[in-house]
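Visitor: Kindly generate the complete structure, drawing on both the sequences and the hints.
Residue numbering for the sequence shown follows my numbering, starting at 1 and increasing by one per position.
Worth double-checking, as some hints may not be accurate.
So the derived label-pair ranges between C-beta atoms look like this [to be verified]: (1) 36 to 70: 29 to 37 Å; (2) 37 to 72: 33 to 41 Å; (3) 37 to 70: 14 to 22 Å; (4) 29 to 76: 27 to 35 Å; (5) 33 to 95: 34 to 42 Å; (6) 33 to 69: 30 to 38 Å; (7) 34 to 80: 17 to 25 Å.
Honestly, the hints are just simulated from the structure, not real lab data. Model, not experiment: these values are computed from the prediction. The C-beta atom is built at its ideal place from N, Cα and C for all residues, glycine as well.
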Amino acid sequence: MRPRRYDSITTRQRVQWRLQKESQREDTERAAAFICTHGLPFQVLMDREGVLKEPYDVLWVPTTVLVDAEGVICSVCVGTMTAKTLRSQIQALLGKGK
Numbered sequence: 001m002r003p004r005r006y007d008s009i010t011t012r013q014r015v016q017w018r019l020q021k022e023s024q025r026e027d028t029e030r031a032a033a034f035i036c037t038h039g040l041p042f043q044v045l046m047d048r049e050g051v052l053k054e055p056y057d058v059l060w061v062p063t064t065v066l067v068d069a070e071g072v073i074c075s076v077c078v079g080t081m082t083a084k085t086l087r088s089q090i091q092a093l094l095g096k097g098k
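Guide: Shown next, in the form of structure tokens:
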């Protein structure tokens with residue numbers, strides 16, 4: 001499956017990771033090939049040990065966590081999110097949605 005274009009809704013600082021349950025672990029090489037093939041413009045971190053779910057209180061995948069420049073969690077969305085909603089939240093975070 002080819003991903004949607006991400007460039008219009010991402011920033012240089014955006015980091016995305018995928019939390020994985022024991023039964024959902026993906027092969028790192030396969031993920032790297034997907035990222036390279038589709039030229040994703042953001043860093044993808046694979047949480048193979050599941051250490052990020054507790055600090056970010058993630059109980060469901062997908063979960064989108066938006067963090068500001070100071071490292072403060074500004075928004076948490078559990079479940080899928082439309083590009084329009086994500087764009088709106090990022091613009092608000094960057095001060096453009098005021």
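Visitor: Against each hint, give a clear statement of whether it holds in the structure.
Guide: Evaluation of the provided hints:
| no. | hint | in the structure |
| --- | --- | --- |
| 1 | 36 to 70: 29 to 37 Å | 32 Å, holds |
| 2 | 37 to 72: 33 to 41 Å | 34 Å, holds |
| 3 | 37 to 70: 14 to 22 Å | 34 Å, violated |
| 4 | 29 to 76: 27 to 35 Å | 30 Å, holds |
| 5 | 33 to 95: 34 to 42 Å | 37 Å, holds |
| 6 | 33 to 69: 30 to 38 Å | 32 Å, holds |
| 7 | 34 to 80: 17 to 25 Å | 19 Å, holds |
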